[in-house]
Structures are given as structure tokens and as C-alpha cells.
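There are 4 protein chains.
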Amino acid sequence: MTGQDRADGSVVSGHFMNPLEDTQSQQDTRQVPIQRVGIRGLRYPVTLLCPGGAAVPTVVSATLLASLDASERGTHMSRFATLMHEYRDHIDPRHLLEMAAKLRASLKAETAQIILTFPWFVEKVAPITGQPGMVDYEVTWDVTVSDAVPRFLTSVVVPIATVCPCSKAISERGAHNQRGELTLTLASAAPPWLDDVIRIAEASASCELYSVLKRPDEKFVTERAYDSPSFVEDVVRQAALGLRALPGIQAFRAQAENFESIHSHNAFAMVEEGW
Amino acid sequence: MTGQDRADGSVVSGHFMNPLEDTQSQQDTRQVPIQRVGIRGLRYPVTLLCPGGAAVPTVVSATLLASLDASERGTHMSRFATLMHEYRDHIDPRHLLEMAAKLRASLKAETAQIILTFPWFVEKVAPITGQPGMVDYEVTWDVTVSDAVPRFLTSVVVPIATVCPCSKAISERGAHNQRGELTLTLASAAPPWLDDVIRIAEASASCELYSVLKRPDEKFVTERAYDSPSFVEDVVRQAALGLRALPGIQAFRAQAENFESIHSHNAFAMVEEGW
Amino acid sequence: MTGQDRADGSVVSGHFMNPLEDTQSQQDTRQVPIQRVGIRGLRYPVTLLCPGGAAVPTVVSATLLASLDASERGTHMSRFATLMHEYRDHIDPRHLLEMAAKLRASLKAETAQIILTFPWFVEKVAPITGQPGMVDYEVTWDVTVSDAVPRFLTSVVVPIATVCPCSKAISERGAHNQRGELTLTLASAAPPWLDDVIRIAEASASCELYSVLKRPDEKFVTERAYDSPSFVEDVVRQAALGLRALPGIQAFRAQAENFESIHSHNAFAMVEEGW
Amino acid sequence: MTGQDRADGSVVSGHFMNPLEDTQSQQDTRQVPIQRVGIRGLRYPVTLLCPGGAAVPTVVSATLLASLDASERGTHMSRFATLMHEYRDHIDPRHLLEMAAKLRASLKAETAQIILTFPWFVEKVAPITGQPGMVDYEVTWDVTVSDAVPRFLTSVVVPIATVCPCSKAISERGAHNQRGELTLTLASAAPPWLDDVIRIAEASASCELYSVLKRPDEKFVTERAYDSPSFVEDVVRQAALGLRALPGIQAFRAQAENFESIHSHNAFAMVEEGW
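In order, the protein sequences belong to chains A, B, C and D.
This note's numbering numbers the first residue of the first sequence as 1 and each following residue consecutively.
This note's numbering numbers the first residue of the second sequence as 1 and each following residue consecutively.
This note's numbering numbers the first residue of the third sequence as 1 and each following residue consecutively.
This note's numbering numbers the first residue of the fourth sequence as 1 and each following residue consecutively.
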């Protein structure tokens, strides 16, 4: 399904004599405004422009949406993918706002929204041996523009380790622990840099994760995690304290999910403020 | 991670001499209330009690959650799974409300929420030959109880076929079409029966889907779909008209996603009212 | 896409005057035999017939396939789903062989294969308090019939806990541990019962998992796991010893994947014999 | 779980007085050789070195494995991630072979295997208007080294469109069609370039897919697909003919899966030769 961006499609091609019928521009009489219409699951190679000036390549999964008046039958689907193509080499929060504003203007829509999800990598060194390795986080930027103030949401999924305080307290030796994921979502006028959000998340767990750990490092992270046991409830509370202290935050949500090593189901906790 | 439901754990087992430390019941001084804590991804075999009296087995993926006061460190995790075990043989909207109320009372929580997602099957006969086959839908029941009126959400994912009206109008022969998914979510005091929601969804598409189609049936569905072309926007608008007419509906959302046969990304549209 | 199972489609319906063209039965001149063709991702409600006589409902994801001679253009797709419909109330290894044989005969195919994947639940009691709860496993039955002896594969995914022996040995306190999955796949003339395979898998880990654990149980599983540290290599070796001892086994594969709590990637090991 | 790569871990850190116990290097007496052990799901940012000299960034999901003798208890897990880190800036078939050889030598293993899966993008222009857009494919490179000749497998998942020949032949108007995925896997001494494999795949379908299509383009692809109806069987046969003609191919497999627009299950076909 795709739209026709000019009044006269026949100019574009010699394959047909008459203008192609513009089905999308038909009047719609059902009186149902559409809050969002567009494309999802568009995987695209992009370059992220980082605060310090670095240009970092990654791959996004993109959702581009706009509202549609009750009177119009269809939107112009090809413009969404074209917009992604135009901006693929300079993606950052400021350009995302620009993209959404451009989409909104071009479609004469009340609202436009762009959501990009992508892996973000941080090079970490092992805590004792200093061996380097990249750790991956999943980031989502979600921007909405309308007549109101733009809304910018940043969301980061951070893998963490948690040692169960109950298991530690009641057991004569050992304590069950596991990998978990802490997802921090926050609304802010000027989005904080990703590494600042990741730092808050990793400080909320029993221990942070690494890609490369040699034996002395493994001893260190094992003992450190054991010394900082955290329920899934503790993790989201610590994250909440960290997020409250971030400058410019309007609202946040912290969600922790532990892949419990004693169950085949997960433990989950969520704190949200300011929404 | 699991809680201790009695005052004195030592009664339960001779493996230890003193009561086990009750870490979860410790005071928490961080002043961060937790909106939701509990378990996710608990897969369980259940029996659904249907309006006509039928008892239908299926498998749920369950999420059971409760709020936690700022002053308490941890919830009692074992109660969530135990509750699912107790109710596994009689699942329906009324019992879900009862489960949530029981969870809330047992944990002295402000709020309790239970979310079950499960496949639901309808036996359909092929439109011409009458050959029978089961079609699967994915259902979510999501109930929240607190001091306020309970909130009951029903969500059904319905696979559909859509023929693109633009492609049909501009092409000399054929028209691109594809499978899509229409997800209807609705809030209501007394939840409508699943088959009524499915009927609305299937009537909103170019054609409904079947598991078994012989050649005369395939001719029928091909022509029927071609005769009812629908943009993703048309699908959600038709669904909205259908949902508005359902008795007892408080709010709804219709989301259509087409696995476009001309793109590797999807087309998406959403209408919501009453939230 | 669906096949026509009778010579004359016009008998079936009055919607058309002439027999429907039988495209699938056209001659194919490309000289490319097709090893497998059929349907995948057919979700179906079924009843499993268990050795002791119990009839257990579950939901399968079904793949039904057959070979196709180089000279035939297409298979008869509707027969695959119809076969699933016929057998849905009596699924067990013997009936699966019968289904595959029937499919093969009906399509005059050299080979037919049926693969069913489904959740299987075992009620377990917590090790100290005796609290009951269902634990879920994912099972795959994969049967192939041809002129040769039928091949029957059973595969079970078992969630497990593993405590790292290295972390335990080098750390002054604690030891990292995590959830993992041990997948056992085996070829046998008479497939062993699922619970026997699960028992081998759970005995190969640091500890098995439960759905409901109260505090005394949690103490027990924590200490037990800590006392039985297992590398991912240890897990597959123990499983191999157990599988070798199963009567009637022709070949097996044991694959363990640990969701490492110190990394965001997984540890993996595989042993196979007899293929 | 991680290995110790030096004889004396105590040099690295002052956190402990004595060398850390080397659990992995313990003798194993179970007599079970391990065919593969290592890491899976390591997501890493890499640079692909392309035949023409271009350096293309992407993100891989990496699996790195080695065999382990029956006499050794554990492998050295940290070396797998370290190897990925070392080679992240120059990934191509030649370097993958080098990586695997290095891993094998460093671990004194009989066999080493490296599997990378990554999105690969091709800029395509719309067939009539020439509008540009990136289309994504999923590629897997899988290299195994041992005493024998190295085995190099290339696998590409290509999204395609298929129009059903039966539906077209029997219907008075229209024809059901859908998105599908054609996966081509091939073994070769010198792996063919990705774009050559993609070309074979796209030529085997009713029509290839695009990211950006304006109305004249949509008319073109609709009619083109309608004029080239293809069963899932036709798709894999066409692919087989194309793959047979690729120079240096030792074996191949073509698998097509159609997300049928008239069913909620998929149609599937597979041809393989030379294995």
C-alpha cells in the first residue's frame, strides 16, 4: 500500500496514459478519526550522532506514524519510508524531532510519532584485569509532535545480575542469583545521554554485566554481587532514586524482570512517577 | 525469590532449628511505593469455563501482580503461583475478578492485577465445501482490582486478509494482498464473549481466514477479498463502528498490522475511543 | 494455496459451471524433486493419550510435510490441515506414525514427516513444604516415514539451574548461578515417556526448578544447587550418561544453554552420539 | 563462567594471595567428548569488509564454539568473547576462517566453529519512479575448521512476494498473494558474494520487495507479481536452478515459507542437493 505524492501520477511514468486513481485521497464518511497510521518494523542502517561528536553506526527497527482526519480515507505510506531514508545518516534526538515535525507538516496531520529501537554498545573493561569487551543495551527513542509541547521518551533495557537477599539470609551457603533486565523509561524535554541512564540502571543491581571476564574478574563480580543482594523490588526502588536525581526528568518508569534461577517464570517489579 | 507465608518457618521443616529470617517483611526506608510486583511468564494448563457451560482446556501465559507499600521491602512471591494453581480448573472473567480480589486481600495490597494470555480456537467450516478446521486467536484478559470499580480488559488478536484498494484501482490486473493481524482491546464491566469480538474483527477485513480450504473455497475467498478491498485504515474504522455497537463497552482500541506483500515492513493503523 | 482432492471440483459446489483448473497437478519439467513441502505454524488444540491411559489436553504447533516428485508441480495443501483435524483428539507416538503413513499414502509421496511442538506440564511438590505447582517443558515429536524404518525423534526442553564451579572455587563467598535450558533430543524405535527424559535432564543440573517454593524450600534448593556446581559442559556430560542408559535409544543429542548471570550472552555446550 | 588464560592468576590482582583454583583444567573421568562448547547470543558491533573494498558497519549475533576432549572438564570461556572483540573491525569470510583457526589453535581443540548472523542492507530504487530505499536481508556465515577442509556455509533470508497460481487460475478476478521468506543456504569453498545470492532468491519469486514504492511503482509490482504466479514449490525449484548455476557451489538448500493470506498457518517447501 503506498500513496501518491503528486497531483498527477502520469508525469512520473510512461507506463500508463491516464493519471492513476488516488484512492487514499477519497473522502471518508465513517466519521472515525485515526489516532495513528503508518509503518512498523522497518529495519534500517543508521548513523547516530553522539553528544561528543562521535558518529556511531547501528541498525534501527523503525515505526513512523501520523494521525489521520476522519474525512480522509488513507495516508501516504511511501513518505514514511522516504523520511527514514533521508535522515538515516544523522540520527539524534534533535533530528528525530525535526523528522516528526516534517512528517506532520507534509501530511497535514495533527500528530506525528517516530519510534526507533536499536542496540547501543558500550566498551567496558573487566573490573580487575582490564580486559575490554562491548556490552549491548537496547534503546528506544519515541518522539511525538503535535500542537502541544513535543514528548520525548527514552527507554533503555539494561541486563543486570541480582542475588536474592532472602535466599542469602536463610541459606547456610550460597544464594540463588540470575540475570535480569532493568528497563528505564523516561520523559524529558532534553533527553539525557544514554550512558547516564545505563549508569543509573547498573548501580541499581547486585552487579553489572561484562562481556569478557577472566578468573580474577569473575571472583570480583561474584563477591560483589553476593555482598549487594537485591530483590526485584530493591532494583526498581534504587533506580527510582537515581532517576529522580536526573536533571530535567518529567516522568519515569523502572521495570525489572528477573529470569529467576529457581523458577521457570520471572519475577517482575515496576515503579512509575510523574505520568 | 519467595516469601514465607507463616510466622514460623521452623514448623514446616526439620532442616533448621530457628525460624528462617523474613527478609521480605523488613521495613523499607527509601519511600518508594511500588505500583506492581509479582510474576510474569508463568505458563499454566487451565480450563476455561464458557458462557454456554462448556469447559475448554487451553494453556495460559500468566502475569500476576500487586502493589507494595513504600514501607515494605518485599512481596510474598510464592502466593502468586499458588493462586494460579488453585484456580487453574475454572478460569473465566468472574473467577479472574475473584482471584485478583483474593490476591489483593491476602497481600493487603492497594491494587492487584492478573493478566492471562492464551490461544482460543474456533471451529470453522470452509465457505463452500463445508470442510471443518480450527482457527486460532490469541486472547488476553487483564483484570485490575483496587478501591475503585474493577477494570476488565479483553484483547483478541485476529488474523485477517486485506486486499489493497489502491493496488486494485491502479492495476490492470490483480491487486496485492496479505495476511494481517487485527487486535481489538476493550474495557467493559461485563466482558463480551470472545466469539462476538472475533466476529467484529473478521467482518472488518477483506476476508476472514480458514484452516482448511479446498479449491472451490479458495475461489470463493479470493473473489470475496478482491471485492472488498481494505486499507489498514479501513480495517480499524470498520472495527471501530462494530465495537461502538457492542453493549456495555466503556472504551476500545483497534490496531491493524498488515504484513505487506510488497514491502518487508508492515502497515499499521490504530483507533481508540473512551480511554 | 490449496489442493483439489477430487477429479471434478464442480461436484462440490454450484458456484461455478466448469471444473476448476487443477494447477497443482500440472506436469513440472524442471527436474527438481522437492524433499519437503507442506504447512508450518498450524496451532491446534489436541488431546495427548498418555501411557497410563490419561488424556491430557494441550496446544500444538504443527508442521506437516511430504516429498514431491520432480514431475508434479504442486502438492495438495488442504490435506495436511485436514489430517491434523482428524487426529486432534488422539495424539501419541503410535498415532503420529499412523498420521504420517496416511499422509504419505494419500499423496503417493516417497516420504512424509510430521513435527508437533507442545507444552507439557508436570505437577511437582516443593521439596520441603510439599506445596504443589505445575512446571512446564517444551516437547517436540518429529516422525518421518518412508520405505525405510520410520524415524521417531523426541526432544524436550527442560529449564534448569546451574551454579558455576569456577566461581564457587575462587570466590570467598557466593557463586554465580543462573537459569538455563537443557534440550535432550533422542532417536528411538519406541519413544521413551516424556517424564523419563525430564528426569534425566533434571538430574544433570545443579538443581531442578519449581513453580511454588516457600522459604524452607528456597533454603533447600539454594544449598542443594551450591553443593552441586555444574559447568555447562558438566550438564551435557551428565545428560549423556543418563541417555546412554535409556533402553532402546539409537542416537541422542544434549544441548545446554545457560543464561549466564555475569554476561549478557549465553554459555552453550552440546554432546551427540549415534547419528 | 570464565577461564583463566595464564598460569598464575595471582599476578593480575592483589585481591587474593594464592593462585585462583583452575577448575576448568581439572581432569574429567566421564569419558564423554564434547562436540561443541562456547558462547551464543553475543551481540556485537562489527565492520564488514566487502569485495569491492567498502567497509560496512552492522551488528552481529555471534556464536563461537570449539570441541572439548573427553579428558578436560571445561573450556576457556573468556577467549571466545575476546576473539570477537579482536576481529570486530574486519569481518569477512577470510577473516572468519582465520578466527576459527586461531580459536582452534589457542584451545588445542579438534574443531572450532564460528557463526555470525547479521542484517545486510541493499539500496534499491523503485522500479518506475526510481525512489531509493534500503531493503534488509538476514545473513548467516557459519565456518567450521578441523583437520579436514574448512566448511563455509552462507545463508540468506530474503523476503519475497508470491501470487498463488491456483487461486489465479480458478478465480474470476484477483488472486491471493502474500509475503514470504526464501532462505538460501549454500556450502562453497569460496563463498559467493551476498548480492549474488539475493539476486537468485528474488528472481525465484512472483516479485521482489521494496522499501519505497510510489503509485506507478505499486502498479508495476502488482501486475508483475500477477503475471508470475508461483507456488511455494515453484519458488524453491527456481532457486535450485539458480543455485546449481553458481560457480563453486558444493551443496545447497532452498527453503520457502509463505505467510499465506488465506490461512493463519504458513506454506513451506524445501529442496536440498549435495549434502
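What the hints contain is simulated information worked out from the structure, not anything from laboratory work.
Glycine is no exception: its CB is placed at the ideal position from the N, C-alpha and C atoms.
Among these hints, one or two may not hold up.
Distance windows between CB atoms, simulated [to be verified]:
no., chain 1, residue 1, chain 2, residue 2, range
1, B, 196, A, 27, 27 to 35 Å
2, C, 55, A, 86, 39 to 47 Å
3, B, 106, A, 244, 28 to 36 Å
4, B, 70, C, 251, 15 to 23 Å
5, A, 196, D, 89, 22 to 30 Å
6, C, 69, B, 56, 53 to 61 Å
7, D, 101, C, 245, 18 to 26 Å
8, A, 190, D, 245, 53 to 61 Å
9, B, 132, A, 246, 57 to 65 Å
10, D, 190, C, 89, 47 to 55 Å
11, C, 190, B, 51, 40 to 48 Å
12, A, 110, B, 51, 25 to 33 Å
13, C, 56, A, 190, 51 to 59 Å
Computed cross-link-like contacts, BS3-like style, restricted to lysine-lysine with a CA-CA straight-line distance of at most 27 Å [unchecked claim]:
no., chain 1, residue 1, chain 2, residue 2
14, D, 124, A, 102
15, A, 124, D, 102
16, B, 102, C, 102
Listed next, the stretches of chain D that the computed footprint assigns to chain A, with coverage defined by at least 3 CB atoms under 8 Å from CB atoms of chain A [what the hints assert, rightly or not]:
no., segment
17, 195 to 203
18, 234 to 244
- Task: Against the structure, test the hints numbered earlier, and report the numbers of the ones violated in rising order.
- Result: Checked against the structure, the hints that fail are numbers 2, 4, 6, 7, 12, 16, 17, 18, while the rest are satisfied.
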